Amino acid sequence: MNQSHRSLSRRSFLRRASVAVAGIAGAPYILPASVFGADAPSKRVTVGFIGCGRQTYYANIPGFLKVAGVQAVAVCDVDSWRMAQAKKLIEDHYAKKKDSSFKGCAAYKDFRELLADKGIDAVMISTQDHWHVPMAVAAVRAGKDVALEKPITRWIDEGRLLANEVAKHKRVFRVDSEFRSLEPMHRAAELVRNGRIGKVRVVRTGSPKEVFPDEPETVTEAPAELDYDLWLGPAPKVPYMQKRVHTPQNLKSRPGWMRSLDYCDGMIANWGTHLNDIGQWGAGTERTGPVEIKATGKFHDGKVWNVLEHFDAYYKFANGIEFFYQMGEPHVRFEGDKGWIHVNYAASKLSPERLKASDPAILKEKIGPEEIHFPLKSEKQDFIDSVRSRSQTLEDEEVGQRTTSLCHLAHIAIQLGGVKLAWDPDKEVFLNNDAANKLAKRPPMRAPWSFDKL
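All residue numbers for the sequence shown refer to my numbering, where the first residue is 1 and numbers rise by one.
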């Protein structure tokens with residue numbers, strides 16, 4: 001496994017030169033490719049992948065390799081077998097293309113070594129959820145633009161920290177969710193934002209049901225290819241169990257950590273950050289939050305798996321919009337004073353049930369040139385376009401913070417027994433509830449990890 005940094009390449013040298021020129025002459029950060037030749041930053045974006053599980057192998061690496069002008073140059077994982085699969089996938093791709101500009105894919109066990117690689121412009125982070133914000137914060141501090149797998153946070157306060165760090169370091173950030181790129185979701189949100197169902201009164205969303213297979217398992221030694229302590233990182237120190245982590249040398253099975261509260265919040269956040277984002281996008285509430293929350297649910301009582309078995313949440317926004325979110329079927333429904341639009345994610349892509357409206361004519365309406373138009377492109381293309389232009393992505397850090405917080409607010413209400421909570425979306429604090437505010441804050445990380453020492 002090659003963990004050494006690549007030597008300073010011509011492309012790296014020219015990138016540094018372009019930044020220096022921009023600083024001296026007041027030139028724009030992104031310079032025309034013709035100024036420096038084919039390898040200029042304006043044309044090529046180098047990407048490193050942190051986390052090499054199934055999402056990276058089957059979706060994120062292939063997705064970025066489809067974007068023109070992107071070169072995958074590094075992978076990182078605490079599981080050496082998984083990292084080797086990702087490295088091979090990338091190198092086989094360029095070998096097939098016979099791309100002479102590709103100089104190999106570096107491999108790093110420690111994400112901090114990848115972030116120190118000056119030849120990397122941007123990173124795609126796809127690890128277990130408890131690592132998301134620490135790695136993303138470290139990345140922006142290292143000068144990298146960041147695409148971060150959803151859900152981007154586990155606690156509300158760390159999401160605000162992340163958003164502040166992105167702004168402070170002037171980085172580009174993209175929540176890596178593909179749902180804004182799905183035509184039915186995009187079409188529904190665009191129609192709703194342009195008033196085709198009148199004033200929005202109600203938004204309804206749903207996540208898939210959680211599945212809990214047979215769980216009993218004994219404590220064993222971690223497989224040789226896994227650095228379990230680094231996998232845990234800031235999470236509590238607990239004995240290794242396969243169902244707590246992932247199946248060794250297997251990229252297809254769903255990892256067990258997705259059902260453990262030590263590392264994630266379960267379906268309420270995992271899918272909520274997909275569907276609730278579309279709900280907020282269409283309703284125009286994507287940069288604020290509710291003022292009232294009520295939620296009920298039941299946590300699974302397992303030895304390792306303990307996320308929610310079911311939940312039912314209600315939110316009310318200051319503008320009067322009511323938002324209902326429950327576990328059941330993945331969907332988004334907008335109800336206005338002139339009609340409704342419903343997107344059924346579970347339906348076949350070719351089924352008329354996929355996208356429906358109270359009046360089918362609504363779905364045939366054209367969006368005028370002076371109305372709101374949402375770009376329709378892949379989440380990877382959106383991220384890379386913004387890396388080049390230094391513009392805001394379609395799902396930036398603030399949007400990600402607000403949508404993920406919507407999931408956390410319900411999760412907190414459930415932990416407190418279903419009490420009604422009042423929320424100040426501007427200050428991001430609960431009103432008159434210290435217990436709720438405590439649950440909104442990330443607990444201290446396991447030593448030696450902290451945001452001050454990343």
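One should not assume that every hint holds.
What the hints assert, rightly or not - Derived DEER-like restraints, expressed as beta-carbon distance ranges:
id : residue 1 : residue 2 : range
1  : K199      : R112      : 46 to 54 Å
2  : D426      : R390      : 42 to 50 Å
3  : K377      : E113      : 30 to 38 Å
4  : K109      : E365      : 50 to 58 Å
5  : K43       : Q392      : 20 to 28 Å
6  : A116      : T218      : 36 to 44 Å
7  : K377      : T247      : 32 to 40 Å
8  : K338      : H373      : 27 to 35 Å
9  : L376      : K109      : 17 to 25 Å
10 : S358      : D229      : 51 to 59 Å
Read the hints as simulated data drawn from the structure, not as lab findings. No experiment lies behind these values; they were computed from the predicted model shown. Note that CB positions come from ideal geometry on N, CA and C, so glycine has one too.
Against the structure, the hints come out as follows:
no., hint, result
1, K199 - R112: 46 to 54 Å, "holds (50 Å)"
2, D426 - R390: 42 to 50 Å, "violated (27 Å)"
3, K377 - E113: 30 to 38 Å, "holds (32 Å)"
4, K109 - E365: 50 to 58 Å, "holds (53 Å)"
5, K43 - Q392: 20 to 28 Å, "holds (21 Å)"
6, A116 - T218: 36 to 44 Å, "holds (39 Å)"
7, K377 - T247: 32 to 40 Å, "holds (34 Å)"
8, K338 - H373: 27 to 35 Å, "violated (21 Å)"
9, L376 - K109: 17 to 25 Å, "violated (38 Å)"
10, S358 - D229: 51 to 59 Å, "holds (55 Å)"
Of the numbered hints given earlier, the model fails hints 2, 8 and 9; all others are met.
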